[in-house]
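**Q** Chain residues, written in single-letter form:
2 protein chains.
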Amino acid sequence: MFKIIKNNNHDRTGEVKTAHGVFKTPVFMPVGTQGTVKGLSPEDLKSAGAEIILGNAYHLYLRPGIDVIKQAGGLHRFMSWDRPLLTDSGGYQVFSLSDIRRINEEGVEFQSHFDGSKHLFTPELVIDIQDALGVDIAMCFDECVPYPCEKEYVEKSVDLSLRWAERCKNRFKRNGNINQFLFGIIQGGMYRKLREKSLQELVNIGFDGYAIGGLSVGEPREAATEVLSNLLPLLPKDKPRYLMGVGTPEELWEYTGLGVDMFDCVMPTRNGRNGQLFTSSGKVNIKSARYKNDFTPLDPECSCYTCSNFSRAYLAHLFRAGELLALRLNSLHNVHFMINLLANIRLSITNGCHDEKKKEFLQKYIKGELEDDLS
Amino acid sequence: MFKIIKNNNHDRTGEVKTAHGVFKTPVFMPVGTQGTVKGLSPEDLKSAGAEIILGNAYHLYLRPGIDVIKQAGGLHRFMSWDRPLLTDSGGYQVFSLSDIRRINEEGVEFQSHFDGSKHLFTPELVIDIQDALGVDIAMCFDECVPYPCEKEYVEKSVDLSLRWAERCKNRFKRNGNINQFLFGIIQGGMYRKLREKSLQELVNIGFDGYAIGGLSVGEPREAATEVLSNLLPLLPKDKPRYLMGVGTPEELWEYTGLGVDMFDCVMPTRNGRNGQLFTSSGKVNIKSARYKNDFTPLDPECSCYTCSNFSRAYLAHLFRAGELLALRLNSLHNVHFMINLLANIRLSITNGCHDEKKKEFLQKYIKGELEDDLS
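From first to last, the protein sequence lines stand for chains R and L.
Its first residue numbered 0, the first sequence is counted upward by one per residue in numbering that gives the first Met the number 0.
Its first residue numbered 0, the second sequence is counted upward by one per residue in numbering that gives the first Met the number 0.
Hints were generated in silico from the structure; no laboratory data involved.
Only a predicted model underlies this, so the values are computations on that prediction, with no experimental measurement involved.
All C-beta atoms, glycine included, are put in the ideal place defined by N, C-alpha and C.
A couple of the hints might just be wrong.
Unchecked claim - With beta-carbon atoms standing in for the labels, derived distance ranges:
(1) Asn178/R to Lys363/L: 37 to 43 angstroms
(2) Lys117/L to Arg100/R: 56 to 62 angstroms
(3) Glu14/L to Asp81/R: 38 to 44 angstroms
(4) Lys117/L to Pro219/R: 37 to 43 angstroms
As the list claims (entries may be wrong) - Derived lysine-lysine pairs resembling BS3-like cross-links, with alpha carbons at most 25 angstroms apart:
(5) Lys236/L to Lys16/L
(6) Lys291/R to Lys357/L
(7) Lys291/R to Lys117/L
(8) Lys23/R to Lys291/R
(9) Lys45/R to Lys45/L
Throw the hints in and build the complete structure from the sequences for me.
**A** Right, here's the structure in full:
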């Protein structure tokens with residue numbers, strides 16, 4: 000499944016082979032919560048270089064419903080995406096979106112945030128859902144604790160999530176879907192011992208890959224970095240490591256340096272829809288008056304459809320005019336930017352110069368940002 | 000400029016040659032009011048077969064402003080569209096959108112519907128705007144009367160629009176833009192004599208093409224057909240005839256039969272955004288519950304990106320979920336449908352069987368519509 004191609008100090012490149020093809024790591028995965036990466040078609044995603052994208056079991060279960068997707072022949076066919084797919088189990092969404100929830104040993108009872116209907120998510124159901132979706136990588140169902148959170152609560156939660164992880168693994172084995180991998184999710188909040196316990200017991204159960212959950216939930220960046228610095232050396236080297244819900248260009252450089260292989264984040268599409276664009280010389284807020292008469296490309300170093308065809312002035316006009324095309328062109332560029340950033344990171348690892356290239360990138364990126372703020 | 004290729008009874012096919020290439024007639028022109036056809040990229044438009052699209056002088060003048068587009072090198076470069084462009088002069092918008100307006104001999108004073116700023120549109124300014132935009136076909140500035148409208152008012156209005164048409168022509172000659180054509184617009188409401196007078200005097204002034212304005216403004220379809228049946232035989236055969244703001248598939252078949260060469264309409268994109276889709280077997284309201292489990296393509300006879308890749312069930316899901324991709328896929332299909340419809344109409348004219356093919360189309364189209372309503 001996973002092959003390491005180059006391993007330097009901590010940083011590494013590799014390949015994950017799935018039933019829908021190979022993706023190179025470290026990888027950035029655009030998020031397609033409801034069976035579509037917001038604003039982008041499968042063709043757009045391919046043009047941006049996406050090798051794997053995400054779906055979300057919680058959202059798809061509620062709408063359009065798993066039956067519909069099963070009848071369509073699985074999520075790949077339903078959304079017309081023939082490359083690898085990973086689904087988030089919905090653990091995070093059950094806790095962050097649903098109206099009322101009651102957690103017990105069996106699972107989580109919750110009310111749909113659409114229509115108030117009641118549902119029970121158990122580890123077994125969540126594995127069955129992802130099996131029916133036919134995705135390449137399924138995630139365990141776990142409890143994601145908020146930040147900050149009392150140690151006692153986190154302790155109990157980690158234990159519950161571990162029992163659920165074992166049930167997930169058992170159900171996964173029973174289903175016998177040989178075209179799917181199952182990843183465990185390390186929790187434990189900001190508590191080192193709990194994180195290490197979570198990691199160790201997940202490794203004992205044995206998964207195809209290991210995710211680090213519960214970061215990027217409001218904690219200071221240093222706290223997240225500390226958790227990761229402690230955990231990554233303890234993870235099996237021969238399995239992919241997935242940092243959920245991260246991150247910014249700075250974070251992508253930093254955490255690939257620690258040996259993270261997979262990332263996902265809604266930021267490129269969400270910020271794109273809000274007019275905040277990532278470029279090699281810092282962030283561009285396209286709403287700013289300074290771009291009204293700027294006829295240069297958004298990012299002269301970018302080869303995406305947006306940068307190849309349109310000026311900042313045109314993007315600024317579309318955004319001001321509330322035109323749909325603004326949302327698509329912005330999202331397309333931002334997704335392309337992140338995917339291309341990872342391609343550059345992989346190249347730097349191959350050439351054994353991750354730290355050097357990271358400094359080079361950040362210097363230009365942060366310098367550009369300051370200029371944008373001061374102007 | 001205009002070459003007739005096949006002329007049967009009234010129906011005809013031809014080609015219009017512009018500085019940005021040739022388009023075949025009869026043609027359907029998607030509407031790109033604010034410098035973008037809503038929801039579609041230039042690449043999408045080309046994939047839908049668009050040979051010419053519209054812009055709007057009134058909207059572009061107010062936002063982003065003519066200076067910006069001139070600095071960008073013209074509207075083609077600003078919006079990255081390298082095929083023919085036609086701009087509506089803004090006459091219709093000045094009367095329908097702006098807050099306060101005062102019409103006098105000189106022109107129209109109005110307040111911007113964006114910010115209340117005051118502006119004066121004269122025939123000369125509107126020609127200069129379109130010259131600066133660098134479009135292939137410019138339209139005269141005229142007054143578009145509402146429906147219904149008193150004969151006395153229409154009479155005065157037609158005379159004023161004729162004096163303005165002459166001023167437009169003079170300014171156009173003075174500007175000497177050899178890469179641009181200028182079309183006159185026939186007005187006169189539902190009054191045959193006034194329409195004929197408008198036509199005759201415009202022909203006396205002499206334009207590169209003749210548009211019929213002031214239809215599709217709420218009048219019964221029969222009234223529009225009567226106006227057109229009377230006017231079309233009086234128009235010079237060797238100039239293109241453009242029916243503004245029309246129409247439905249039924250109207251496109253009917254009016255090409257009368258010899259109309261050019262059409263524009265916001266319907267494909269607007270209806271697409273509302274979930275109403277045109278297919279060879281009638282209209283499909285994608286919001287209807289019956290499509291939730293319909294895994295067939297939207298229109299099996301259509302070769303657009305939407306129909307080639309996605310099911311009705313997926314389109315229904317995207318629409319319900321409020322996803323941006325729904326708006327784009329729907330708009331893309333509808334625009335492709337209209338452009339393809341015109342290709343079929345041209346073929347029927349080439350083969351001398353317009354009426355026969357019209358009946359065939361309508362039979363299937365209207366039958367499908369009834370089934371959709373009854374189910």
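**Q** Now tell me, hint by hint, if it's right for this structure.
**A** Comparing the hints with the structure gives:
Checking the proposed 37 to 43 angstroms range against asparagine 178/R and lysine 363/L shows it holds: the Cβ atoms sit about 42 angstroms from each other. A beta carbon spacing of about 57 angstroms between lysine 117/L and arginine 100/R agrees with the range 56 to 62 angstroms that was offered as a hint. With their beta carbons about 40 angstroms apart, glutamate 14/L and aspartate 81/R fall inside the hinted range of 38 to 44 angstroms. Look at lysine 117/L against proline 219/R: about 53 angstroms separates their beta carbons, and that is not inside 37 to 43 angstroms.
Distance check on the hinted pair: lysine 236/L and lysine 16/L sit about 16 angstroms apart at the alpha-carbon level, within 25 angstroms; holds. Among the hinted pairs, lysine 291/R with lysine 357/L is inconsistent with the structure: their alpha-carbon atoms are about 48 angstroms apart, more than 25 angstroms. Simply put, lysine 291/R and lysine 117/L have alpha-carbon atoms about 21 angstroms apart, close enough for the 25 angstroms limit, and the pair holds. Our distance criterion of 25 angstroms between C-alpha atoms is broken by lysine 23/R and lysine 291/R, whose separation comes to about 39 angstroms.
A threshold of 25 angstroms between alpha carbons decides the hint, and for lysine 45/R with lysine 45/L the separation of about 19 angstroms falls inside it, so the pair holds.
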